[in-house]
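Asks: Okay, here's what each chain looks like letter by letter:
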Amino acid sequence: MTDYKFIIQSSPHWKDKDSVPKIMYAVIFSLMPAVLASLYFWRWRAISLILTCIIASLVTEALFLWLRKKPFTSLLDGSAIITGLLLALTLPPSLSLELVVIGAVMAIALGKQVFGGLGNNIFNPALVGRAFLQTAFPVAMTTWIPPVSLQVDTATFATPLAQVKFYQAVSQGTVPALKDLFWGNIGGCLGETSAVALLIGAIYLLLRKTIDWRIPTGIIISLTTLTGIFWLAKPDQYASPLFHLLSGGLLIGAFFMATDMVTSPITPLGSWIYALAIGFIIGLIRLFGGFPEGVMYSILFMNAFVPLLNRFTRPRILGERRWA
Amino acid sequence: MTKLYFLNSSIFIYKKMIIKTFPHGIHPPEKKVLSASSPIETLPPPEKVIIPLLQHFGNPAQPLVKKGDEVSLGQVIGQAEGLFSAHVHSSVSGKVLAVDNYHHPLGRSLLAVTIANDGQDRYISSLAGANDPFSLSPEEIRHLVQEAGIVGLGGAAFPTAVKLSPPKDKPIDTVIINGCECEPLLTADYRLMLEYPECILKGAELIRIATSAQKIIIGIEDNKKDAFNLLRQKLKINSIELALLKTKYPQGAEKNLIYALLGREVPRGGLPFDVGVVVQNVATTKAIWEAVSQGKPLYERVITVSGEGIREPKNLLVRIGTPFKTAIDYCGGLKEGVNLLVMGGPMMGVAQWTLEMPIIKGTSGLLAWPFSGPPREFPCIGCGRCLDHCPMNLAPTRLVKLVQFNHLGEAEDWGILDCVECGCCQYSCPAKIPLVHWIKQGKDKIISLKRQKKAK
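First to last, the sequence lines map onto chains Y and U. At position 20 of the first sequence the residue is numbered 20 (our numbering), and the sequence of numbers has no breaks. At position 25 of the second sequence the residue is numbered 25 (our numbering), and the sequence of numbers has no breaks.
Isolated chain Y (complex conformation) (with noise of 0.2 Å):
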């Protein structure tokens, strides 16, 4: 008879097949649907974005590995690519190739290796690259052309938000249809305007459960709500909240950045109050504020209240009394 020899190790000895590379393409299929979309209204130049950003993350990220003396098999973990990615798609269509290269840069480095590496970051990578170029770059970040398939011949052109907030819109009743916010056929990011492709791709992760839903529908509670009173109390100025959700970054923002594994709380309580101030934030910025749009910022601003919301939101215990 063979000799046998046993591997010890604790339990349990067995493990679920879901693994955090398998998460991450998970993420990257179920943004198909976004990229395919910003291919149809922006060509050639939805093409070179994305590869570049993409290109450049991997790089920034192969770069820092090798100065950290990490295994580089953690490439392929496809988390770089969903930061590059991401970014790619909240990027203008028109931004210079020099530009989304920076920001791939900046949200690599300055994003998530600077905190060491996957897990350990506290802000959206790529949402931090993105923040960089914003205030880096205010003009390139907030000039728009309109998608190839709107056939207008204008050099510039303003998202939905934009109309609203700097052209009064709403008044003027030049608000653009939501049956175009629907479908993307408007101006604004790469990957933001198609809310129907967005969709698509998040019921996909809300499927397969790779993200929590308590996260896009605390954001779309908490906004829906702000956006809707004041839309109830005079709906000759604000936009409706149909409105709000369509357009700008918010879907992507609550379905796909907001929901990120490693900036958003562990806790279910903690993952709704991270949501709904999310949506609030959002609300607030888009009624009151100076920028048009506030999806990146509040998203930021909540994840730097993360790591309180986890510690202060531990769940009830089976068999604890709290409050006795």
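Don't read these hints as lab results, they were simulated from the structure. C-beta: ideal position from N, C-alpha, C; glycine also. Hints are supplied without guarantee of correctness; some may be wrong.
To be verified - Per the computed footprint, the stretches of chain U lying under chain Y, defined by three or more beta-carbons under 8 Å from a beta-carbon of chain Y, are:
#, segment
1, 257 to 266
2, 325 to 339
3, 347 to 358
4, 393 to 404
Once you have looked at the hints, place chain U on chain Y.
Replies: Chain U alone, transformed into the frame defined by chain Y:
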């Protein structure tokens, strides 16, 4: 016998079955088909048994025999030491070869009695079974259970006599018989329910008498519907309630089972006594019946030998102290390439390093399969799945970080000592972090620090 049942319980309760369960938990592959259809076979007693003196939760038993002594089957060879302990009986008749330290399946090397089997099975038992078990007083039942050395056979091996002695100020109203067998692969309890339903029902009634409870509930998961239906057929004249539970791991964990069946939460750090409940596993229940009605000490038990690495998975009735190898060889031996051997279930079982280990009272199964080694570990990405699956509603990833940074006080505030080590967190962790390993380490540190403080 029938009369007695009527005396004990005049009303036959049979509620419409509502499928119950507890929150959180996981659904690992069950793989019970490997051994579910093989009836319990009796493993011929081996030539030599090694019987550890610690096979239960608590103090080791004190040896009563020395090298060269002749012992009989069923003879007490280890005397219980203190309240939290249990007698150990010889499982064969023959000559004591050694009373010495031997490998123990739970890790350390511990005192064990090695006996050469003379093949006679000369049976001696200081216990006399009661002719009329149901007329015994609670004390008499407890006494017989204690003398028979019965411990919880589900795996934790808590001395049963202690569990049958509720404190005066905590009246028991419900006895729960645990027929969940929620660990994947294991089918020993399932076979017992199919083959000895009467013993289990009668044993349950004895537990009810011993604890002065009013009601008995037998909880069975819905992947064992035939066992449920069989028990229901046999039930007609008893006051036992049968409950079908939605299959989910760890349904058989005491606190979760109580919650699933009764909606009661055992307080943190408390025992089922605190909510008026006693939980016993079906195998223990059968052992209680045999001890009280026949005076039979606990010298054998049913185990499942299964897993992809076993040639012919089986359910076996084995003598305590039988080496693993004997049982596995009876099941056709190990397949090529097997490198993981587990005593217990795949979720909570203990990995073993040699086939020379003895089977103990707490051995519910022997499992083996080829294992490619631990998967690559990633940093925690904070997905929160460990929280979503923890049946105690803890935050495993946070506990692990607190242990890693040695914030033991905070880990205790976050409920590390409430962890039952069921392994749901680690099973569902996509980063493959050995969460249970870290939590166990943290618990050990906290408990030993507490002991040191007490000693001062």
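Asks: If a hint holds in the structure, say so; if it doesn't, say that too.
Replies: Hint check:
1. 257 to 266: With 3 residues closer than 8 Å to chain Y, the segment 257 to 266 of chain U meets the three-residue bar; holds.
2. 325 to 339: holds (count 5)
3. 347 to 358: Answer holds; 9 residues pass the 8 Å Cβ test.
4. 393 to 404: Result for this restraint: holds, n = 5.
The earlier numbered hints are all upheld by this structure, with none contradicted.
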